[in-house]
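From first to last, the protein sequence lines are chains A and C.
Start counting the first sequence at 1; every next residue gets the next number (the numbering used here).
Start counting the second sequence at 1; every next residue gets the next number (the numbering used here).
I should point out that these hints are in silico values taken from the structure, not numbers from a laboratory.
What you were told as hints is all true, and nothing was included just to trick you.
Some chain A residues near chain C, calculated using beta-carbon distances under 10 Å: (1) Leu15; (2) Arg19; (3) Arg326; (4) Glu327.
All values reported here derive from a predicted model rather than from experimental measurement.
By construction, the Cβ of each residue, glycine as well, lies at the ideal position given by its N, Cα and C atoms.
For reference, the chains in residue letters:
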Amino acid sequence: MSATTHSPFLAGLYLIVRRSLRRHALSTTVTAASVALASGLVMAVFSIADQTRTAFTGGKIGYDAILGARGSPLQLVLNTVYHLETSPGNIPWKLYQTIREDPRVDLAVPYAVGDNYRGFRIVGTTEDIFGRLEYQPGKRFEFQGKGRPFDAKRREAVIGSFVAQRTGLRLNSTFNPYHGLTFDETMRHPEEYVVVGILKPTNTPSDRVIWIPIEGIFRMEGHVLRGSGEEFQAEAGKEIPDDHKEVSAVMLKFKNPQAGFALDQTINKQGKVATLAFPIGSIMASLFDKMGWVNRVLILVAYLVVLVAAGSILASIYNTMNERRREFAILRALGARRRTVFSAIVLEASTISALGVLAGYLVYAGILAGAALVVRAQTGVVLDVFSGHQVLYLAPIVMIVVGALAGVVPAFKAYSTDVAANLTPHS
Amino acid sequence: MLRWTKTTSHKPRVRVSPLTSAESVLKIRSYMPILEIHNLVKTYTAPDGERTTILDIPNFTLEPGEQIALEGSSGSGKTTLLNLIAGILTPDRGQIRVAGKDIALLPESVRDRWRAEHIGYVFQTFNLLHGYSALENVELGMMFGPGVDKEFAAHLLERVGLRERMRYRPSQLSVGQQQRVALARALANHPNLVLADEPTGNLDRRHTDEAIALIRQICGENGAALLLVSHDYHVLGKFDQVRKLDEINLAAQAFAEAAAP
Ligand SMILES: Nc1ncnc2c1ncn2[C@@H]1O[C@H](COP(=O)(O)OP(=O)(O)OP(=O)(O)O)[C@@H](O)[C@H]1O
Ligand SMILES: [Mg+2]
Chain A
1 MSATTHSPFL AGLYLIVRRS LRRHALSTTV TAASVALASG LVMAVFSIAD QTRTAFTGGK
61 IGYDAILGAR GSPLQLVLNT VYHLETSPGN IPWKLYQTIR EDPRVDLAVP YAVGDNYRGF
121 RIVGTTEDIF GRLEYQPGKR FEFQGKGRPF DAKRREAVIG SFVAQRTGLR LNSTFNPYHG
181 LTFDETMRHP EEYVVVGILK PTNTPSDRVI WIPIEGIFRM EGHVLRGSGE EFQAEAGKEI
241 PDDHKEVSAV MLKFKNPQAG FALDQTINKQ GKVATLAFPI GSIMASLFDK MGWVNRVLIL
301 VAYLVVLVAA GSILASIYNT MNERRREFAI LRALGARRRT VFSAIVLEAS TISALGVLAG
361 YLVYAGILAG AALVVRAQTG VVLDVFSGHQ VLYLAPIVMI VVGALAGVVP AFKAYSTDVA
421 ANLTPHS
Chain C
1 MLRWTKTTSH KPRVRVSPLT SAESVLKIRS YMPILEIHNL VKTYTAPDGE RTTILDIPNF
61 TLEPGEQIAL EGSSGSGKTT LLNLIAGILT PDRGQIRVAG KDIALLPESV RDRWRAEHIG
121 YVFQTFNLLH GYSALENVEL GMMFGPGVDK EFAAHLLERV GLRERMRYRP SQLSVGQQQR
181 VALARALANH PNLVLADEPT GNLDRRHTDE AIALIRQICG ENGAALLLVS HDYHVLGKFD
241 QVRKLDEINL AAQAFAEAAA P
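Using the sequences and the hints given, assemble the complete structure.
As structure tokens, then:
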């Protein structure tokens with residue numbers, strides 16, 4: 001029988017809920033908007049926290065350890081892998097040579113900092129960084145177009161994709177480094193470098209780096225080398241004795257994992273001159289553990305926001321209860337059961353919640369797009385707006401359930417409406 | 001016979017409620033009264049805390065298809081009685097059998113459904129739902145009963161002369177039109193019993209005559225018994241059978257005796 005709706009009960013609920021939402025359109029909109037903000041914020045907070053964590057710890061680094069000055073391994077990692085913070089100090093070039101020759105070490109790439117170009121860090125290194133180093137497992141730096149590695153003996157530079165995009169430097173462009181890690185126009189070095197290669201985007205902090213031959217750092221005017229303990233300044237055309245050279249850090253790839261533990265023993269436990277940051281992943285993980293309270297505060301805030309949204313659902317529906325008592329009484333007199341009007345209110349609350357959650361995805365996308373820009377500009381790490389993090393479906397489900405629970409209070413009021421007493425109009 | 005039997009579109013509906021057997025019994029044993037009241041007592045607590053007996057009805061019955069007008073002055077308990085029959089109020093004592101079931105003994109949710117399926121109620125105050133159109137009001141009357149039959153809902157509104165007004169909201173209808181929506185809604189679920197509470201209170205004489213004729217005719221067409229309460233002699237005069245509430249209600253007699261010098 002086509003004229004009969006198959007589930008009249010659901011049809012009735014649907015009609016009641018839809019009509020009420022429309023009749024209270026303003027409060028529906030405002031409430032749904034507060035739910036949208038809440039769910040958007042919660043999704044964004046969890047997603048960003050989760051993504052930064054995996055981006056920084058995911059074991060994604062293609063080498064095993066970093067050798068650097070005595071001090072905090074965390075600072076070494078931040079400095080060398082993420083190109084953040086200042087270097088904790090330098091180690092003598094001799095140490096680099098020794099570790100490079102160690103039979104347990106597969107690859108050792110030096111890392112020397114001290115200059116920048118328009119805020120982008122200039123790192124002195126060797127050609128190994130392009131040919132051999134894996135910045136992530138299985139991934140090596142590749143050049144765009146006709147780019148090539150620098151010649152260790154010339155003033156040549158290879159720049160990351162983000163540097164190229166931001167500074168406008170192209171192949172064969174020239175630039176002068178500036179002293180220090182932050183850009184200061186008065187600190188311009190007289191040496192002029194030519195760009196010989198632009199790297200393809202890696203979506204890692206390395207996109208923000210300018211690579212030059214390490215010799216260039218040693219010879220930059222005004223740079224003082226203290227590798228031997230005495231101050232030394234390079235002179236043009238003269239060989240620099242190895243004793244005087246120094247580097248900020250050395251990126252290391254071991255032949256096997258045991259090598260790392262053995263070197264950790266000799267360098268960190270017994271030695272006194274250097275620090276070996278190993279394993280890199282667990283050092284970053286411990287950072288996040290230390291920052292765990294930040295996360296916990298954010299999560300707490302997120303929960304509070306959800307509670308506030310639930311409260312606003314409760315209040316907005318509760319406010320309509322008095323004017324609707326007669327409606328409930330009439331519906332009851334027409335055969336609707338107590339649990340029917342109860343369900344109608346709970347359904348109404350969940351519908352507001354669901355509408356809010358849908359809009360919440362827009363809020364989420366907005367927040368994440370903004371955050372992704374900031375994080376990328378600051379660290380080069382790329383957040384993925386659409387990463388399938390489970391919060392993207394868990395938060396909406398939780399929000400809808402919480403919304404439904406918020407509906408229970410006014411629903412109970414509807415449930416307990418006295419039919420006979422509310423059937424006659426009261427003025 | 002104007003009975004609604006457009007078989008192509010409106011076949012007898014299949015009811016899935018647990019009451020099916022009782023109902024079929026009812027249809028076979030058609031001599032069973034549609035309404036039987038025994039020793040019904042209803043009291044109210046007055047604001048001063050004293051309990052007043054409003055209704056005390058030893059016996060009252062209504063046969064299937066029968067149309068009775070019940071006369072009672074204002075405050076005599078007419079609305080109270082109809083609410084009791086509809087199961088909206090519960091009695092202090094006694095039985096009210098509607099279609100063979102003592103509704104006071106039914107669990108509330110079953111009673112709600114029972115009411116939807118068996119009783120059509122034209123309220124004194126119409127009690128239309130204000131946010132909904134005339135047609136939706138009739139359909140809402142069906143939604144919590146056996147199911148929505150949009151064609152029958154439209155047919156009923158047409159029958160009460162509101163074909164052009166189905167999409168109007170109650171606030172856009174005249175009082176008489178609202179009252180006709182209420183009548184259409186009361187008949188939506190093919191009730192065996194229609195209760196009408198002072199259904200012409202706000203109408204002039206001509207419209208009153210029309211309304212009463214319409215209620216009686218439609219109840220007849222749909223095979224529903226009609227119990228109409230009123231204090232208006234003009235209305236009462238339209239019925240073959242008129243009974244005085246005060247005559248079947250011992251509480252009124254007690255009150256009258258107490259008031260007598
Ligand atoms: N909830 C209540 N509490 C106390 N007394 C009540 C209550 N409801 C009704 N009454 C009393 O019961 C009596 C009957 O009321 P009822 O509404 O049934 O009268 P009625 O016959 O329908 O009158 P009318 O013709 O004016 O509609 C009245 O005296 C009224 O004051
Ligand atoms: Mg009354």
